[in-house]
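Visitor: Need the complex rebuilt from these two chains, each delivered in its own frame; the hints are there to steer you.
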Amino acid sequence: MIRILNISIPLFLVYLALSGNAQPSNLIIGALISVGIALLMPKRDMQFVPLKRLPQFLWAGIRYLFVVGWDVIRGGISTARIVLDPKLPLNPGIITIPSGSKSELGTALSAHSITLSPGELVVAMDDEGTMYTHCLNVDESEKFVAQAQSMRQNLLSKMFE
Amino acid sequence: MGNILDIIAVLFMVIGTLFSLIGVIGYIRMPDVYTRLHATGKVSVFGIVFLLIAAIILSPLSLWKGLVLIFFVLLASPSVAHSIASAAYRIGLPLAHPARDDLRGKMEQGDGRDV
Chain A
1 MIRILNISIP LFLVYLALSG NAQPSNLIIG ALISVGIALL MPKRDMQFVP LKRLPQFLWA
61 GIRYLFVVGW DVIRGGISTA RIVLDPKLPL NPGIITIPSG SKSELGTALS AHSITLSPGE
121 LVVAMDDEGT MYTHCLNVDE SEKFVAQAQS MRQNLLSKMF E
Chain B
1001 MGNILDIIAV LFMVIGTLFS LIGVIGYIRM PDVYTRLHAT GKVSVFGIVF LLIAAIILSP
1061 LSLWKGLVLI FFVLLASPSV AHSIASAAYR IGLPLAHPAR DDLRGKMEQG DGRDV
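So the sequence lines, in the order shown, correspond to chains A and B.
Under this note's numbering, the first residue of the first sequence carries the number 1, and numbering increases by one thereafter.
Under this note's numbering, the first residue of the second sequence carries the number 1001, and numbering increases by one thereafter.
For reference, chain B alone in the conformation it holds in the complex (with noise of 0.2 Å):
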């Protein structure tokens, strides 16, 4: 039994490390910042996900600590994400090739200012 929860620990922990690498890799070729954030926001916290999962069966972390721990990270990271698009697109950092941009117009009216 015993044995099976290590297989599987090292398992997630091989599929943690591969994607957290993924989203550096991402990181590094993505064009612009939004395409990047995509990269690190999701991949990485995929990533994340998966290491705390075998932490949770390999460490002495308790269950519900980890639990916890995997709650915040899935509330933190989208928020990270869209506070730092947000502020991005706001000092005008320009998208790289967008095939359209719905929000140019609005910001141009000037009702930008509580987007």
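Bound-form chain A, shown alone (with noise of 0.2 Å):
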């Protein structure tokens, strides 16, 4: 029952989003479509998120949030800089980060968060959550991706342990 709420709702509220009217029909249907959705979900166990923690959880997403933002602008600019810069200066290669996180999902938003900031693109994963990344810049990336990485990592942890 828990579970099937943790997929609907999401759902629904993706639903009302996207139809954008309040109207009880449309209501009723988007309820029927996202339980039914749940239902057909293969019943694994989806650990998402705890109800008790959610001001927490809502509290670090919003910081999250932000950084990712942050990290978009910073990255548009940056690499758009390196395009128009007439010698091109690139430097690239692949470097290890190690994610610092254990579950799966953790892992999978660092990769996606590293690969959105600037100059760095996931590769490659391994079993113990080490993401090889390409970077435009090598010597650069070293330098700035721990620190990153661990305010990422710090954010992520308190949303998902």
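For the record, the hints were derived by calculation from the structure and aren't laboratory data.
Glycine included, C-beta positions come from ideal geometry on N, C-alpha and C.
Careful, some of the hints might be misleading.
[Stated by the list, open to error] Now the in silico label distances, taken between C-beta atoms and shown as ranges:
no., chain 1, residue 1, chain 2, residue 2, range
1, A, Leu54, B, Ala1076, 25 to 35 Å
2, B, Asp1006, A, Arg3, 40 to 50 Å
3, B, Asp1102, A, Leu18, 37 to 47 Å
Guide: Structure representation (structure tokens):
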């Protein structure tokens, strides 16, 4: 029961946001569709967010969104600057970054935000959560990556562990 | 009030178009798959987000629908870039002038199957 609610409530909210009307008929259709999809999902152990940690989860989540948003802006501008530079200053290479996260979801989200941050692109991951990351400028990335990763990891662990 | 919003929207549209253009230029100028993914995966996405914000202001697209679209773009584009890069490395496309390559040793040990 809780498992179904855990899946269907986010689905219902997304449906409402997308359809953008709060007529009773639309609400009923949305509820039916989201519960139906939740029933069709495989019965795996999907532990998303325990309810009692919800405030902490939301606070860490909002801060995480701001960090990622800032990374998107910096990433776009710095990569654009490299592209427009007449000399094309590249020093590419693949470096290893330990994600420091135990859960699969944490590793996946770390990889996602690293790919959004300036000059880095996760190429592969292994079982221990090490991320092999392609960088536009190896020296620069290596200098800043450990600090940025520990900050992200701190927020992610507040959300999911 | 409407005027100011219009000006902001036009400004965002110009910025978005500019960054999309820079993304394409980067795609042409960069030497190999991985660096090209940097150009399309970051610069173009930045442009698309700005174009979507302009679309929220100017077109009948509702605010929530626009925000959900931005969220999905931001969620999908790094995943796509990652999967293309992963596939490219697996079929052995070379890096152009690599300064270092930590992944090669791992692949050669044969541990690369679930990498």
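Visitor: Could you run down the list of hints and mark each one as holding or not?
Guide: Hint check results:
no.: 1; hint: Leu54/A - Ala1076/B: 25 to 35 Å; in the structure: holds (27 Å)
no.: 2; hint: Asp1006/B - Arg3/A: 40 to 50 Å; in the structure: holds (47 Å)
no.: 3; hint: Asp1102/B - Leu18/A: 37 to 47 Å; in the structure: holds (42 Å)
Violation of the numbered hints given earlier is absent; every hint is satisfied by the structure.
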